[in-house]
Amino acid sequence: MGDFRSARASIREALRDFHLREYLPFAWIMLAELLFVHLASNLGKPWGMAGAGWIMRTAGEPAVHYPGSFVFLISAHARVESFLFAVAGSFLIPLSLARIQAPMIGMPPTGPETARRARRAYPATLLGYVINFALLIAWEFLLQAGPRRLSSAFLGGFKADLLTWCVGVLGAFSLAAIFLYVPVRAVEESSLGDALWGGIKEGLRLFGPTLLIVLVFAWPTLLFLAPLQLRPSLLVARFRPELISVFIAIAAVLNSFVNYFIYSAAARLHWLSRRRGA
Amino acid sequence: MRLLRFGLLAVAALLPLVSGCSRFEGMATRYRAERMVWEAQREETRLRIGKAAPDSATMLKIRSEYQKLRLTFHPPFIEGSGKDVERLRRDIARQVGGAELTASRSALFARRPDLALESARWVASIAQADTGLQREADLATVMALRGLRRNDEAIAAMRAMLDRYPPVASPTPEREDQILSIPDAIIDVRAEMGDSASVGKDRAYAVAYYRRILASRPPAILESQVRARLSRTLLEMGDANAALAEVRTLRKVVSGSPALKSLEPELLYTEARIRGMQKSYKEALALYDGVLKTYPTSPFAARALLDAAVIAERMNDNAGAIARYRAILDRPKLDPGIAPVAAYRMAMVKDQMGKWEEANQILENIPMQYPKSRAGVEAPIAIVEHYYRTLQPDAAKAALRKAIDTYRSMIAHDSGSVYATAYRWNILRAYTSLKLWNDALATVDQMAELDRGAPITVEALFQGAQIARANGDKSRSDVYLQKIVMEYPGSPRAAPVREFLKQSARTAAGRQER
Numbered sequence: 000m001g002d003f004r005s006a007r008a009s010i011r012e013a014l015r016d017f018h019l020r021e022y023l024p025f026a027w028i029m030l031a032e033l034l035f036v037h038l039a040s041n042l043g044k045p046w047g048m049a050g051a052g053w054i055m056r057t058a059g060e061p062a063v064h065y066p067g068s069f070v071f072l073i074s075a076h077a078r079v080e081s082f083l084f085a086v087a088g089s090f091l092i093p094l095s096l097a098r099i100q101a102p103m104i105g106m107p108p109t110g111p112e113t114a115r116r117a118r119r120a121y122p123a124t125l126l127g128y129v130i131n132f133a134l135l136i137a138w139e140f141l142l143q144a145g146p147r148r149l150s151s152a153f154l155g156g157f158k159a160d161l162l163t164w165c166v167g168v169l170g171a172f173s174l175a176a177i178f179l180y181v182p183v184r185a186v187e188e189s190s191l192g193d194a195l196w197g198g199i200k201e202g203l204r205l206f207g208p209t210l211l212i213v214l215v216f217a218w219p220t221l222l223f224l225a226p227l228q229l230r231p232s233l234l235v236a237r238f239r240p241e242l243i244s245v246f247i248a249i250a251a252v253l254n255s256f257v258n259y260f261i262y263s264a265a266a267r268l269h270w271l272s273r274r275r276g277a
Numbered sequence: 000m001r002l003l004r005f006g007l008l009a010v011a012a013l014l015p016l017v018s019g020c021s022r023f024e025g026m027a028t029r030y031r032a033e034r035m036v037w038e039a040q041r042e043e044t045r046l047r048i049g050k051a052a053p054d055s056a057t058m059l060k061i062r063s064e065y066q067k068l069r070l071t072f073h074p075p076f077i078e079g080s081g082k083d084v085e086r087l088r089r090d091i092a093r094q095v096g097g098a099e100l101t102a103s104r105s106a107l108f109a110r111r112p113d114l115a116l117e118s119a120r121w122v123a124s125i126a127q128a129d130t131g132l133q134r135e136a137d138l139a140t141v142m143a144l145r146g147l148r149r150n151d152e153a154i155a156a157m158r159a160m161l162d163r164y165p166p167v168a169s170p171t172p173e174r175e176d177q178i179l180s181i182p183d184a185i186i187d188v189r190a191e192m193g194d195s196a197s198v199g200k201d202r203a204y205a206v207a208y209y210r211r212i213l214a215s216r217p218p219a220i221l222e223s224q225v226r227a228r229l230s231r232t233l234l235e236m237g238d239a240n241a242a243l244a245e246v247r248t249l250r251k252v253v254s255g256s257p258a259l260k261s262l263e264p265e266l267l268y269t270e271a272r273i274r275g276m277q278k279s280y281k282e283a284l285a286l287y288d289g290v291l292k293t294y295p296t297s298p299f300a301a302r303a304l305l306d307a308a309v310i311a312e313r314m315n316d317n318a319g320a321i322a323r324y325r326a327i328l329d330r331p332k333l334d335p336g337i338a339p340v341a342a343y344r345m346a347m348v349k350d351q352m353g354k355w356e357e358a359n360q361i362l363e364n365i366p367m368q369y370p371k372s373r374a375g376v377e378a379p380i381a382i383v384e385h386y387y388r389t390l391q392p393d394a395a396k397a398a399l400r401k402a403i404d405t406y407r408s409m410i411a412h413d414s415g416s417v418y419a420t421a422y423r424w425n426i427l428r429a430y431t432s433l434k435l436w437n438d439a440l441a442t443v444d445q446m447a448e449l450d451r452g453a454p455i456t457v458e459a460l461f462q463g464a465q466i467a468r469a470n471g472d473k474s475r476s477d478v479y480l481q482k483i484v485m486e487y488p489g490s491p492r493a494a495p496v497r498e499f500l501k502q503s504a505r506t507a508a509g510r511q512e513r
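Chains as they are written, first to last, in numbering that gives the first Met the number 0: chain D, 0 to 277; chain B, 0 to 513.
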């Protein structure tokens, strides 16, 4: 019960103590995502095709044709996002966490020491992300094999799709909650094994409060992700295909802030639980 | 952090360089073309909302939407060379050409075959080595030439297509390469032109064409489709034995391949028709009944009923014939090619049986129920003929006036109908019978203008010339006769009319000398 109270306090504090310099690493990832979405939305221009066409094409030849490109943009953006979070995020997320934690341990938020702590956290964060990603793929597979079939059989149509999507999102959030403390611990002076396994253990121990943090911050993004993931063809056929890139851009901007606030609140919860433990 | 900034700047600097590459330029151009097609389709949907049959102005608006591609993208569409660039160039040509062919179809629906022809010829000019697009362009050219009533040119274009594009085997027997329907289309055009001598020649040409394909040992599905068409054409030529031989070979092909099972109703039907031609009526009726019982939902079921009804008529089984015609008209899904014929023939049988009231009611309904049919053209005249036959001149005159009104309303309903010429011709016949000479001549003038090129227009002009001469208007008569000579030099009327005009000129000159 005390952990949930701490989680609520962490959420409030994260919202109140927003600092641009702490958020900036997430902004870099967001800018890269927006650049990709802009390029992919301008495949009719040679620079758009040169910039995003080759990434889109990894989803198949229809991804570089109109209007199919916008349907494929959803999965292409997810791939780009995953890549950015794995490669750049493994440095930028710890950098943001180091800046958030700096006042708590009496250090300047910017400076060579903060950057060193972030660099040191890179392998553990990357490994944690890769494991999380692999589990996420396995979860998606299980979802299609199990709950999806059941809901299709009993509900059918849109209701079944919505239920499967909700279950899928809840599963993805739960996995994210478990791995959330890997970079938090990696930024601290701990070994790779301690950061990884210790982070996962902490994630499991604080599972309920952490999931609460994730859900509190993530719901606005879901409002834009739901139509994209549930009925992309409807957006293309009934409205305009370009609407998909607008929704993705909004979701990317929201997601950037959401991720920052989640990590900020999780770092505070970690700090509070450690202090209580001490 | 510095590294990330450097990376983003490097990407931004590289993009303009990479985007200069002709492959990316080509892919971007193709993408823009696809977007423009999508926009045109969206606009077409918007324009068509609430209009079951859009008017000419709407169709021309739709055409202009699709024409935007042609106006935006110019051949060769992209610079550069190489396999990839060539492939992209072909893709773009397909997009632009496809849109222009849609513009051509829209122009045709807007009753502007001249614009349709220009579009089709432009697509043919950009198709180059793309056989698919070239074929589509050729088909559009044929449609436009038909719209312009340049039937001889249309037939020449269709024959050139038969030489240029060998038929392709389809994955299923239900789907057939369009090229296989061209020999029949040529025969239909000739029949519409009223050129019965050429119909025979074209049937022989079709038979030779089908046999040429069969000689090249095509795959089973294509072979079955060609043999089915060959047996039908042989049957239409009256060569029942050759048709039967083809049906037997076809049966062997079908029995050897389970994928061809769907051809069985057609086989049974064709066999029944052959028996009918050989006057083995009982056997034919049994086979037609077999089609109906075994394959009641097949499109051949309605045809089997119609042919069986005709045989029943020949066997003086009027009740059997009427029962079958009624069965055709009671089918849940009416066949637009069969139902009007069934209704017309049922009326004729009822008339023969002395049930004129019932027959009259059916005949009066046909033009309303089946306006796009030959029966719709013939039904009002059939009523007139009944009254003449039963010596009721006043009723015949009233029926003639009613027929004129019916034809006029049908023209007003669809002035671009393929039967509009036949309606006007029947109006002319009705006015002539009613001795309303001025109205008759006005109809001749209309036909000369609106039905230019149609074979029946020659007859209208000739009849107009006779009426004008009989009414003392020699100059008007000569105008009609000169039109025959000038505009229809190939018609059977042209030579005697030319001779008549020469003689008439000589007589006039002789009179002047005297």
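For the record, the hints were derived by calculation from the structure and aren't laboratory data.
Any given hint could be a false lead.
Said to hold, decoys possible - Calculated lysine-lysine pairs in the DSS-like style (CA-CA distance at most 30 Å, straight line):
1) Lys-332/B <-> Lys-281/B
2) Lys-354/B <-> Lys-281/B
3) Lys-44/D <-> Lys-82/B
4) Lys-260/B <-> Lys-332/B
5) Lys-396/B <-> Lys-434/B
6) Lys-278/B <-> Lys-292/B
7) Lys-67/B <-> Lys-44/D
8) Lys-60/B <-> Lys-44/D
9) Lys-396/B <-> Lys-371/B
Claimed, not checked - Some but not every residue of chain D turned toward chain B, in silico, with C-beta under 10 Å:
10) Pro-45
11) Trp-46
12) Gly-47
13) Gly-59
14) Val-63
15) His-64
16) Gly-67
17) Pro-240
18) Phe-256
Think of the CB as a built atom: it goes at the ideal place given N, C-alpha and C, for glycine as much as any other residue.
Evaluated hints:
1. Lys-332/B <-> Lys-281/B: holds (28 Å)
2. Lys-354/B <-> Lys-281/B: Status holds; Cα separation ~27 Å.
3. Lys-44/D <-> Lys-82/B: holds (21 Å)
4. Lys-260/B <-> Lys-332/B: Distance ~23 Å between Lys-260/B and Lys-332/B Cα, so the pair holds.
5. Lys-396/B <-> Lys-434/B: holds (10 Å)
6. Lys-278/B <-> Lys-292/B: Holds, at roughly 22 Å.
7. Lys-67/B <-> Lys-44/D: holds (18 Å)
8. Lys-60/B <-> Lys-44/D: Satisfied, since the Cα-Cα distance of roughly 28 Å is no more than 30 Å.
9. Lys-396/B <-> Lys-371/B: holds (25 Å)
10. Pro-45: holds (4 Å)
11. Trp-46: Holds: closest Cβ of chain B sits about 4 Å from Trp-46/D, inside 10 Å.
12. Gly-47: This hint holds: Gly-47/D lies near chain B, its Cβ roughly 7 Å from the closest one there, short of 10 Å.
13. Gly-59: Violated - the Cβ of Gly-59/D stays beyond 10 Å from chain B, reaching only about 14 Å at its closest.
14. Val-63: holds (6 Å)
15. His-64: With a closest approach of 6 Å, the His-64/D hint holds.
16. Gly-67: holds (9 Å)
17. Pro-240: This hint holds: Pro-240/D lies near chain B, its Cβ roughly 8 Å from the closest one there, short of 10 Å.
18. Phe-256: The hint is violated - Phe-256/D has no Cβ within 10 Å of chain B, the shortest such distance being about 19 Å.
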